[in-house]
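From first to last, the protein sequence lines stand for chains A and B.
Sequential numbering from 0 applies to the first sequence in numbering that gives the first Met the number 0.
Sequential numbering from 0 applies to the second sequence in numbering that gives the first Met the number 0.
These aren't lab readings, by the way, just hints derived from the structure by calculation.
Even for Gly, the Cβ is constructed at its ideal location relative to N, Cα and C.
Careful: at least some of the hints might be erroneous.
Derived CB-CB ranges, DEER-like [stated by the list, open to error]: (1) B:E88 / A:K43: 48 to 56 Å; (2) A:S148 / B:H13: 13 to 21 Å; (3) B:H13 / A:E9: 50 to 58 Å; (4) B:G27 / A:S137: 25 to 33 Å; (5) A:S148 / B:W89: 53 to 61 Å; (6) A:Q56 / B:R34: 32 to 40 Å; (7) B:K7 / A:L42: 35 to 43 Å; (8) A:E35 / B:H13: 32 to 40 Å; (9) A:H3 / B:A29: 53 to 61 Å.
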Amino acid sequence: MALHPNTQYEELYAAHYARIVRLGRMLLANPDDAEEVGQEVFLKLFQACRTETRPMQWGPWLTRVAVNACRDRRRSGWWKLWRESSVELQEGSITSAEPSPEAQAVGRERRDRIWRSFRRLAARQQEVFVLRHVEGWSTEAVAQALGLSPGSVKRHLFRAIRHLRAALEVNG
Amino acid sequence: MRRCLGDKALVLLHEGDGRPEDRSHLEGCARCADRYRRLTDDLRVIGVVLASDPAPAAVPSRAAWPRWAAAAAVTVALVIGLNLLFAREWGRVAWRTSPEPAGAGGVTTEELIAAVEAMTAGEPPWVELAGTGAASGRRASTLQASVADLYATVAGEEACESLAASLGDECDQLSAPADTLGAGFEDLDS
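Throw the hints in and build the complete structure from the sequences for me.
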């Protein structure tokens, strides 16, 4: 029996909202933008829940919509660049709030280096790496979601890994 | 024994791809196995850090341009825009306020038209000008030369046009007004 659209939406919201906002914060430099992307994605979900009658894999759908929304936001005009550039990098401010215990074990300096390195990746490399190694998607699923060939996904992934590992290897 | 695997081959093997011979090498080579283990550890650490909440806000992205670059671009665009705008506006004002552009020798178009009209109606104006002093004499010469130039130009154009069709009698007609240019200058020469 199919769920009522509102019930389905609420369940999906509870299960995925935090993950989608976190994904947005990974792909965008600005946490406010990430929140806006989260709202935008779940507004689309609300509409889709009412119109879509076929059974859907809502988790991957949400991720795909979120990645596209982040990409659109990055492309949305020069003022965005201005806004991003106005965010000054301050030592010690990167992971100022409490990270997970696992991440705490990594050490603050190392975490900062990883984030710094991740932010300097090309947008496509960020997307590929996050979907493959944070979301745990297969190479084929990443390729399909981003409209790339599997070979292209592997190339982006290799470059991203090389760059990120280089950041890790500096002073151990 | 085969050479050790490159980074790319290791990443491919980690992704579940890679050639069977690379995989068998990995199983038999302690050095490559150690590198593979470190790669796995690094990816796990990176994944944990990126997945940990909260993601940082204050890290400049690759797309972020320096603030001065954006400011410089806006300033340059503004200067060019204002230049174009004012150049057009000033040009228009100058055209409105400046007197009729003088032809060769300081003769205005209006004077030239009046001279041609006077000449076709009766006595050319330089006849009158010539008798009123040295300055007026020079002016009369200039006016005469300008009218002569004008006729020569018109005659040349008409001749070209008629030549294109067929050589006719227009050339005789064109030379007729030019003959009248010398009228009244017998006195000046003497």
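Against the structure, the hints come out as follows:
The hinted window of 48 to 56 Å between E88 (chain B) and K43 (chain A) holds, with their beta carbons roughly 49 Å apart. For the pair S148 (chain A) and H13 (chain B), the beta carbons lie near 19 Å from each other, so the given range of 13 to 21 Å is met. The hinted range of 50 to 58 Å is not satisfied by H13 (chain B) and E9 (chain A), whose Cβ atoms lie roughly 39 Å apart. Between G27 (chain B) and S137 (chain A) the beta carbon distance is about 28 Å. The supplied range of 25 to 33 Å therefore holds.
For S148 (chain A) and W89 (chain B), the hinted distance range of 53 to 61 Å is satisfied, since their beta carbons lie about 58 Å from each other. Q56 (chain A) and R34 (chain B) have their C-beta atoms about 36 Å apart, which keeps the hinted 32 to 40 Å range intact. Checking the proposed 35 to 43 Å range against K7 (chain B) and L42 (chain A) shows it holds: the Cβ atoms sit about 42 Å from each other. About 35 Å separates the C-beta atoms of E35 (chain A) and H13 (chain B), a value consistent with the hinted range of 32 to 40 Å.
Distance hint for H3 (chain A) and A29 (chain B): a CB-CB separation of about 59 Å, consistent with the stated range 53 to 61 Å.
Hint 3 from the list above is the single one not met by this structure.
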